[in-house]
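Trainee: Sequence:
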Amino acid sequence: MKKSLIAFVIASLFVVTACDDKTTSKLLEAEKKIVQLEADYKALQNSLSSKEIELADAKQMLAKAQESLAAFDAKTSDFPALQVEIVKLFSKEGIIKHAKDPKDEYARDESSVSVFISTAKTGVAWLDQILLQSLYEDYVSKAENNVEKEAITEAAAIAFFDKMFQESEAATKEDKLIGYTDSANTYYLGQRNHIATFSQFFHTYSGGAHGLYYTKYLNIDTNKKAVITLNDLVSPKHHERLKELLWGDYEDQNRDERGNVGDLFAKKDDFYVSENFYFTPEGVKFVYPIYSLAAFADGETELLVRYLDVKDLFNNAYVPNEKDGVGLDPTEY
2 MKKSLIAFVI ASLFVVTACD DKTTSKLLEA EKKIVQLEAD YKALQNSLSS KEIELADAKQ
62 MLAKAQESLA AFDAKTSDFP ALQVEIVKLF SKEGIIKHAK DPKDEYARDE SSVSVFISTA
122 KTGVAWLDQI LLQSLYEDYV SKAENNVEKE AITEAAAIAF FDKMFQESEA ATKEDKLIGY
182 TDSANTYYLG QRNHIATFSQ FFHTYSGGAH GLYYTKYLNI DTNKKAVITL NDLVSPKHHE
242 RLKELLWGDY EDQNRDERGN VGDLFAKKDD FYVSENFYFT PEGVKFVYPI YSLAAFADGE
302 TELLVRYLDV KDLFNNAYVP NEKDGVGLDP TEY
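Going by the numbering used here, the first residue of the sequence shown is number 2, and it counts up by one from there.
If you're looking for bench data, these hints aren't it; they were derived computationally from the structure. Treat each hint with caution, since some may be false.
To be verified - Using C-beta positions, here's what the derived DEER-type ranges look like: (1) 141 - 111: 26 to 32 Å; (2) 49 - 281: 25 to 31 Å; (3) 160 - 265: 44 to 50 Å; (4) 193 - 87: 16 to 22 Å; (5) 281 - 124: 41 to 47 Å; (6) 190 - 271: 26 to 32 Å; (7) 86 - 222: 52 to 58 Å.
Source: prediction; values computed, not measured. Cβ atoms here follow ideal geometry from the backbone N, Cα and C, with glycine treated the same way.
Throw the hints in and build the complete structure from the sequences for me.
Mentor: Okay, structure coming up:
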């Protein structure tokens, strides 16, 4: 009996020991899993924190972009659809009586003198100033006045043109000129999005077969509040390419019915890219003064560079796009 009990106890001890080993092994595995899960949890927390930071940064960038867009929209929406009125800035005329010369039956007994200047009133102060400054700069050389730094006032401009009239009157009286006429007429040509275009037509006559004239175009970027220059439209590195395109149109305008280029008024070596231009639905027209590319009777010469021919030449900010209806019609040429 005692032997049987001892054997049972010993067998039980082996069973308990075996169970303890299995339990210990399971506990170790469980601990390892817990440690791994804790590590994975911490990694997920770190990753989540990183993503939250990225999300916060993205939201901040979006907010700044929206603010910039809102500011831009507010800036552009502040500029109204123009209601332009052309007004007389200065107008004066007079008749100069000359003493008769009994020895010269053809001597003139009187001469006329006139100066007329018009400008535009747009309701936008800075735009009116650009137009006034442009008129003034065409009569005053930079050597006489630092026109780039000094803004002319309307009163000062009127005083300047009055002085010009008096000097012309004195010269006409002294030299017995047939007459003297000087005029500058401002015109509003229209607005496309942020581009407002004006022209100023200058004419002067002081004797001879005819007077002299030229047209100056002002394409104004209403976002930048500045005149669009040639370099704004075309990068200087592309000027030579533009020059070739303009020369090509000049040749095309002088071809005969057989397609041959006739005798040209200008030489290619003397040809240049005009800084005077305006926009059309088809392209940009560059304007050349009388006598530069043609005889006086032919007037000012206009050379066209089409948008479709030079998609990468002009500044995209000034080229018509889908907002203007360009490219919407698939059958459009």
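Trainee: Against this structure, judge whether each hint is valid.
Mentor: So, going through the hints one by one against the coordinates:
no., hint, in the structure
1, 141 - 111: 26 to 32 Å, "holds (30 Å)"
2, 49 - 281: 25 to 31 Å, "violated (59 Å)"
3, 160 - 265: 44 to 50 Å, "holds (45 Å)"
4, 193 - 87: 16 to 22 Å, "holds (20 Å)"
5, 281 - 124: 41 to 47 Å, "violated (26 Å)"
6, 190 - 271: 26 to 32 Å, "holds (30 Å)"
7, 86 - 222: 52 to 58 Å, "violated (22 Å)"
The structure shown violates the earlier hints numbered 2, 5 and 7.
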